[in-house]
Amino acid sequence: MMEKRMKCIAPGVIKEWEIEAYLDGIPNPRVSAHLAECPACAAEVRALLALRQALSEKLYRFDCPSVDELRDFIWGHTSKEKKRDIVKHIRLCSLCRAEAIALHRAKLEEEAYGRVPLLELIRTWLQRIAEDVQLVVMQTLAPPSWQPALRGRECHVRLYQVRPSDRPVELPESLSLFLTWKRQDNGDYTLGGRLLPSEAAGHFRGSEVVLFDERGSERAYERIGADGTFTFTGIPPGHYALAIMGEKEALVTAEVEVKE
Amino acid sequence: MARLIELCKKWLYSSKGEDNPCREIFRYAIKERDQEAWEAIEELYRPLVYRWIRQEGPFRDSRDLEEVVQDAFFRFWRYYTLDKFRRSGSLGEVLAYLRTCVVSAVMEKKRELHRRERIEIPWSEDFGVSRGPGHVPPDDSEQDLEATAVWQIVQSHCRDRREELLARLTLVGKLKAREIVRLYPDEFPSVEEVYRLRRNLFKRLRRDIRLKRMAQKRL
Numbered sequence: 237m238m239e240k241r242m243k244c245i246a247p248g249v250i251k252e253w254e255i256e257a258y259l260d261g262i263p264n265p266r267v268s269a270h271l272a273e274c275p276a277c278a279a280e281v282r283a284l285l286a287l288r289q290a291l292s293e294k295l296y297r298f299d300c301p302s303v304d305e306l307r308d309f310i311w312g313h314t315s316k317e318k319k320r321d322i323v324k325h326i327r328l329c330s331l332c333r334a335e336a337i338a339l340h341r342a343k344l345e346e347e348a349y350g351r352v353p354l355l356e357l358i359r360t361w362l363q364r365i366a367e368d369v370q371l372v373v374m375q376t377l378a379p380p381s382w383q384p385a386l387r388g389r390e391c392h393v394r395l396y397q398v399r400p401s402d403r404p405v406e407l408p409e410s411l412s413l414f415l416t417w418k419r420q421d422n423g424d425y426t427l428g429g430r431l432l433p434s435e436a437a438g439h440f441r442g443s444e445v446v447l448f449d450e451r452g453s454e455r456a457y458e459r460i461g462a463d464g465t466f467t468f469t470g471i472p473p474g475h476y477a478l479a480i481m482g483e484k485e486a487l488v489t490a491e492v493e494v495k496e
Numbered sequence: 025m026a027r028l029i030e031l032c033k034k035w036l037y038s039s040k041g042e043d044n045p046c047r048e049i050f051r052y053a054i055k056e057r058d059q060e061a062w063e064a065i066e067e068l069y070r071p072l073v074y075r076w077i078r079q080e081g082p083f084r085d086s087r088d089l090e091e092v093v094q095d096a097f098f099r100f101w102r103y104y105t106l107d108k109f110r111r112s113g114s115l116g117e118v119l120a121y122l123r124t125c126v127v128s129a130v131m132e133k134k135r136e137l138h139r140r141e142r143i144e145i146p147w148s149e150d151f152g153v154s155r156g157p158g159h160v161p162p163d164d165s166e167q168d169l170e171a172t173a174v175w176q177i178v179q180s181h182c183r184d185r186r187e188e189l190l191a192r193l194t195l196v197g198k199l200k201a202r203e204i205v206r207l208y209p210d211e212f213p214s215v216e217e218v219y220r221l222r223r224n225l226f227k228r229l230r231r232d233i234r235l236k237r238m239a240q241k242r243l
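Chains W and B are the protein sequences, given in the same order.
Numbering (the numbering used here) for the first sequence: 237 to 496.
Numbering (the numbering used here) for the second sequence: 25 to 243.
Read the hints as simulated data drawn from the structure, not as lab findings.
Certain hints may be false.
To be verified - Derived pair list, reagent style BS3-like, types lysine-lysine, alpha-carbon separation capped at 25 Å:
hint, chain 1, residue 1, chain 2, residue 2
1, W, 319, B, 108
2, B, 198, W, 324
3, B, 200, W, 251
4, B, 108, W, 343
5, B, 227, W, 243
6, W, 343, B, 33
7, B, 34, B, 55
8, W, 343, W, 316
9, W, 318, B, 134
10, B, 200, B, 134
11, B, 108, W, 316
12, W, 324, B, 200
13, W, 251, B, 227
14, W, 251, B, 198
15, B, 55, B, 108
16, W, 324, W, 343
17, W, 319, W, 343
18, B, 33, B, 55
19, W, 243, B, 236
20, B, 227, B, 200
21, B, 134, W, 324
22, W, 318, W, 343
23, B, 55, W, 343
24, W, 318, B, 108
25, B, 134, W, 343
26, B, 198, B, 227
27, W, 319, B, 134
28, B, 236, B, 198
Only chain W is shown next, with the shape it has when bound in the complex:
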């Protein structure tokens, strides 16, 4: 399967892309089982990992502007030359771009401090009330299309160990995950998810949701929207594990049976 000095005990069983996915932290019980058995492949993976680790540690954001430079940039406190360099860098670097946006947003939000229009406040309150009502309705009446998958502290169900360091995290007590699925014309399903209430769901805004099939292979991924929802399309019927990923590990996992 790979360039190696020792021989793999079962050549061709694991594909190269599966190793690459595994190095990206995608759980795959078949790969794990093979690596536990095959010293050649285990050594190969270990060497690849060591090289990636060494290079990443050395190079991680080595030429990015400092956070203070970014802050000065969004406040307009930088020289023309520095500004030009940062703009050029931000065009290429998605991480600095995200940081600059976050700084800019924080600046704008706070500058508006004390100047929030009354109508905006009323709108926010009404939205919260509507969401609370929706949550109560979904939890108590449980309409057939929306299935409560996880509620508050029940969020620690795990189907796969994603990382050895996995541990349950403290989730907002009120957080609930609802799932719904709908059959499409071609027989596949659309799987929708919603975290409520949205204030607690904000904790997961932009997080990735990954759908794993029964073999532990990644089937699809999406991002949680600002309103706490996500949608997968073209999902064949079957048993899946759904994981909401944090920066390093799965924070929430749930089992899903997609069927008629």
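Got chain W; can you put chain B on it based on the hints?
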């Protein structure tokens, strides 16, 4: 100062009165470098700083959280000059700068945590480690290469602009394949394509003796 603090508290906790006393405390702290005023600022705004930090995401370790709070106030103390204070038109603007210092401190902590973060894969501790005929013993006398020198070596192994972009995203940005596809769908249309390119690039990088030494220090 005690009177100013009292009036400022009244404004902060009940929005009654004017925000001038609060601004006046900032003026004392920034213009006069008054220690008491700085301490008052830390005391008055600490709850707000905690709230802003929580909005930026959770910290698992309470020591990290405390470090971020200290770092935020330090950055404000260091970078918010009298000139910047004079240009601010309201307390809101002063607090906006404090908040961006909080966000900077959180970002710095996240950068630091991410830099130190090891790439972990499940059950990796069970792997046997082979040191076959190709093993190059690490040379402890050798100085660590500078980041720019390492990057030049990596660049020299990239065959085109696309590979260089991939190397940058993987090693400088620590991005995973699916994040790369999401951010650069034109250059990298599929996760499989990223896996293939990355695999080939790393095969070349592994043959470089300087990088090999760097990596073997970690085995």
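Verification of the hints:
no., hint, verdict
1, W:319 x B:108, "18 Å, holds"
2, B:198 x W:324, "20 Å, holds"
3, B:200 x W:251, "18 Å, holds"
4, B:108 x W:343, "14 Å, holds"
5, B:227 x W:243, "17 Å, holds"
6, W:343 x B:33, "23 Å, holds"
7, B:34 x B:55, "24 Å, holds"
8, W:343 x W:316, "21 Å, holds"
9, W:318 x B:134, "24 Å, holds"
10, B:200 x B:134, "17 Å, holds"
11, B:108 x W:316, "18 Å, holds"
12, W:324 x B:200, "23 Å, holds"
13, W:251 x B:227, "16 Å, holds"
14, W:251 x B:198, "23 Å, holds"
15, B:55 x B:108, "11 Å, holds"
16, W:324 x W:343, "22 Å, holds"
17, W:319 x W:343, "18 Å, holds"
18, B:33 x B:55, "21 Å, holds"
19, W:243 x B:236, "21 Å, holds"
20, B:227 x B:200, "18 Å, holds"
21, B:134 x W:324, "23 Å, holds"
22, W:318 x W:343, "20 Å, holds"
23, B:55 x W:343, "23 Å, holds"
24, W:318 x B:108, "19 Å, holds"
25, B:134 x W:343, "19 Å, holds"
26, B:198 x B:227, "18 Å, holds"
27, W:319 x B:134, "24 Å, holds"
28, B:236 x B:198, "20 Å, holds"
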